[in-house]
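What follows is each chain in one-letter form.
2 protein chains.
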Amino acid sequence: MASRTRISRALARAEKAGISAALNPRPISSAFPLAARAISTTAVRQFRTSVVRNGKFTTDSYPEIKRNEKFSQLSEDHVKYFKELLGGDAAVIDAVTNEALAEDLEPFNLDWMRKYRGHCRLVLKPGSTEEVSKVLKYCNDNLLAVVPQGGNTGLVGGSVPVFDEIVINMSRMNQVHSFDDVSGVLTADAGAVLEVVDNYLAEKGYIFPLDLAAKGSCHIGGNVATNAGGLRLLRYGSLHGSVLGIEAVLPDGTIVDDLFKLRKNNTGYDIKQLFIGAEGTIGIITKLSIHCPQRSNAVNVAFFGLESYEKVQEAFREAKGQLGEILSAFELMDNNSQELVKKVTKNNFPLENAYPFYCLIETSGSNAEHDNEKLETFLEDVMGKEIVSDGVVAQDETQLKSLWGWREGISESSGAFGGVYKYDVSIPLKSLYRLVEDVKAKIEAAGLIGDTDDYPVVDVVGYGHMGDSNLHLNVCVRRYDKQVEKILEPYVFEWIKEHEGSISAEHGLGLAKKKFIGYSRSENMIGLMKQIKNLYDPNGIMNPYKYI
Amino acid sequence: MASRTRISRALARAEKAGISAALNPRPISSAFPLAARAISTTAVRQFRTSVVRNGKFTTDSYPEIKRNEKFSQLSEDHVKYFKELLGGDAAVIDAVTNEALAEDLEPFNLDWMRKYRGHCRLVLKPGSTEEVSKVLKYCNDNLLAVVPQGGNTGLVGGSVPVFDEIVINMSRMNQVHSFDDVSGVLTADAGAVLEVVDNYLAEKGYIFPLDLAAKGSCHIGGNVATNAGGLRLLRYGSLHGSVLGIEAVLPDGTIVDDLFKLRKNNTGYDIKQLFIGAEGTIGIITKLSIHCPQRSNAVNVAFFGLESYEKVQEAFREAKGQLGEILSAFELMDNNSQELVKKVTKNNFPLENAYPFYCLIETSGSNAEHDNEKLETFLEDVMGKEIVSDGVVAQDETQLKSLWGWREGISESSGAFGGVYKYDVSIPLKSLYRLVEDVKAKIEAAGLIGDTDDYPVVDVVGYGHMGDSNLHLNVCVRRYDKQVEKILEPYVFEWIKEHEGSISAEHGLGLAKKKFIGYSRSENMIGLMKQIKNLYDPNGIMNPYKYI
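Which chain is which? The protein sequence lines are A and B, in order. Just so you know, we're using the numbering used here here: the first sequence kicks off at 1 and counts up by one. Just so you know, we're using the numbering used here here: the second sequence kicks off at 1 and counts up by one.
Derived by calculation from the structure, the hints in this document are not laboratory data. One should not assume that every hint holds.
If chains are identical, the list can't say which one is meant, so a pair holds when it fits in one copy or spans any two.
[Claimed, not checked] Quick list of in silico lysine-lysine cross-link-like pairs, BS3-like style, CA-CA up to 25 Å:
1) 430 x 204
2) 482 x 204
3) 137 x 83
4) 204 x 385
From just these sequences and the hints, can you work out the full model?
Structure, rendered in structure tokens:
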């Protein structure tokens, strides 16, 4: 009976906080029209208006990186070739021969965080695989360096140039080519926007097996090129499993025509896998086919408070066991992260009291009644066993989004005080949260954290995809500070190495992590990777100065 | 009401056939002890007793394949090196210096179907990764060709030698190294037997994300090296998604130390993927880590009769939609395949009448009551809509196995009349069964099929993993016959190419499919594959005469 009482208390509290705890899941709306081209253009425009034109150049932030002088300087002849090849103005933005267009290049030179800014003078937007092939072959033959670019939503500076590399932007290749509504296999261009594709699939009762915050702008080709992880990995696995086929172009113009559309094909080396997570360093993905799961009719979200990280681990174990096949997210947030969101958003927190840790659990299933029952039983159990101290369940789509807001708002709130040092790492679950404690202790010991402007650090917060052993560590600061940086690096990377984790769980290497790869990979592995790079891109024209 | 009546009729009929249709799923037993070494040895012994010593040599069946004379002949000095390196008798079986041991080599020279038989004179069983590294480096330096061998259960002749290649058998490396019962990540040696590992996982409430008929003998390293598909792919996806880390040894002795144990790691090219499905042609997998799902508490199996292949497709669509996250198998069997099993096994068929097609559906979930309800609702729906004509549901483990027997018995029954031509292909679902009809029509038109000994062909049957678009086509014969072969090849491969399928869905290339890869892969892709082979194995010592 104890558990019943607890649940009732939780319900009452939730109502008070404006979140009904009654279990009443909603069907996910599936009435979005397909409008790839329109949305893509809008996304670019929105981006353009947000650009701060005088962002710091990457060459100023990283003065140790020198332009590789073997690469040619762009000439009028080069531009002429590309204009003849690609046709009209829509496909070529050229400030090489027309200085007045320099401003139009900014959205392609600057990343969305405004941390990385290149000196590119030419953007090409090919409209077909054959055009990509001819562009790359010409660049390779003429030693012109290039940067493949999707939605430019990456977090490690991988999708913008450093010097004068040509940007090959994929936004014009944005069509869905086929969808098999029995097998769930979709084939589409690399430049299709994730949200547009997911909306298209929603109409068919399917879902893209990947979801992330940047979905309104990011391209599915970019998702595959960076092996994006995101929110659905716990349920639908990695892109290495769900991508069935890839069409890509190598620097020498060779088309890797491996656009297979079925789930089983054991005829030789699975070369397409090398392009998943290669961050545009060995070729450009032009099309892909992917296995999409059925869209769930019912989605529930619950939000809990817990007394310790040990209890979080217990709750995760119970959720896996009891919610099993319907568990679609298990997110972790520490109290500091929630205090930040409260401070910044001024929203009403869903729970009455504060707890050291919070979890957000999402279930997705085919039968609302069954899912409710499973979730209710789970809640009774974990509250009865005092694993979870308090909790609420969303009653409608608005509440569902509101609860997700407490998780998704952390990233933005972290940066609200001036700046943020961000780490995206994976760590074995048992030690996952200890990194946050250890980093905070070191910063405290150095006297760098406090409530007034005398201290550079506001707070150290931890959150992430518990279900994937993926922690996001944010050190929120009032100003970027060398003392803080000296404490953080290489300490964080050494800590990760000691705990057999990964220094980049889902964000990739790009420019930001290039020099730290040795903390996650052995000399042997780095040697084998360089061999692959040299095999496919012997001239090194693809996305130079980054990755390995 | 119609559907209720139909279900009742189905129930009554099922009881008559000895199969209760009451929905009463059972927990999967999880009380198996871990005994890797014992079972592995037993498997080898069982295999040994079944060997027919005078099987035909591969060199006789394929006289066009010539020994590559660049490979050295084994000498006493070579054997001396290996004996000193690996120690006692358990690790080296040597008929080079001791002719009396030739007989002991047979189980390593002959594949389990007795179709491929090599001339190997030396078997090495390394006990550690370091030993594998030293063996391969020595072989590479001395141009000694090798065949990596797991449980030797493949279907394409990939795991036995053709000429005098040294067999490197992995059976001594068979330990589970770690298991994380919160994340479900297992790390084990490549030579661990699949069933032993799965039994170990069952004790922990987990399941290996792969299941296949050979599980009592096959090694998990061999499963990964051949990218085995099997029965759980529909639910748990491919090994490219679930394998998290691999330790492997390259021909030059380099250890690929990529044994990562977490789900997310975006730090460079995912080189381990190349070893998944490489069939031992670029290196030897020594250890692997893999993400294992929770074991389901409840498993149900239903068996249906359907009037047409169109209805089979409708049933599959409905099953995906209604059973969603609990659907774990959707298997197809045509009537001819079931007539064969009836004839060979003399078992009582579960349905009263015969239908052109049958499906076996398995569900696996965390809540028996919910799963029963979903399955019952589904049954009512598909019978009410006359998609399914008749069906039964297993009531206990015995009945569940008995129903699976009608699916799993096809392979053995197909060969009971003398021989069988087998094709393992994937085809888009809408055309999947047409291959069986087209092949049968051609054989009929040639007058090669009939009920008496005058005709070589007994029957043409189709079955397979509908959920993965994977068809098995068996042409059952009284004797192997050149006329039949001329009709089948290259016709079957041309048909597959035209329908954009794969000539090897899950069995791989090995020796059997090497020359047909062009029907599933372009010249570009084959060129890229040869580049990978040359990169890692420039001397070509790894599993020669096979793959590409």
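Hint check:
1. 430 x 204: between (40 Å within a copy, 18 Å between copies)
2. 482 x 204: neither (52 Å within a copy, 48 Å between copies)
3. 137 x 83: So residue 137 and residue 83 pass the 25 Å test inside one copy only (15 Å; across, 53 Å).
4. 204 x 385: For residue 204 and residue 385, only the inter-copy Cα distance (21 Å) is at most 25 Å; the intra-copy one is 42 Å.
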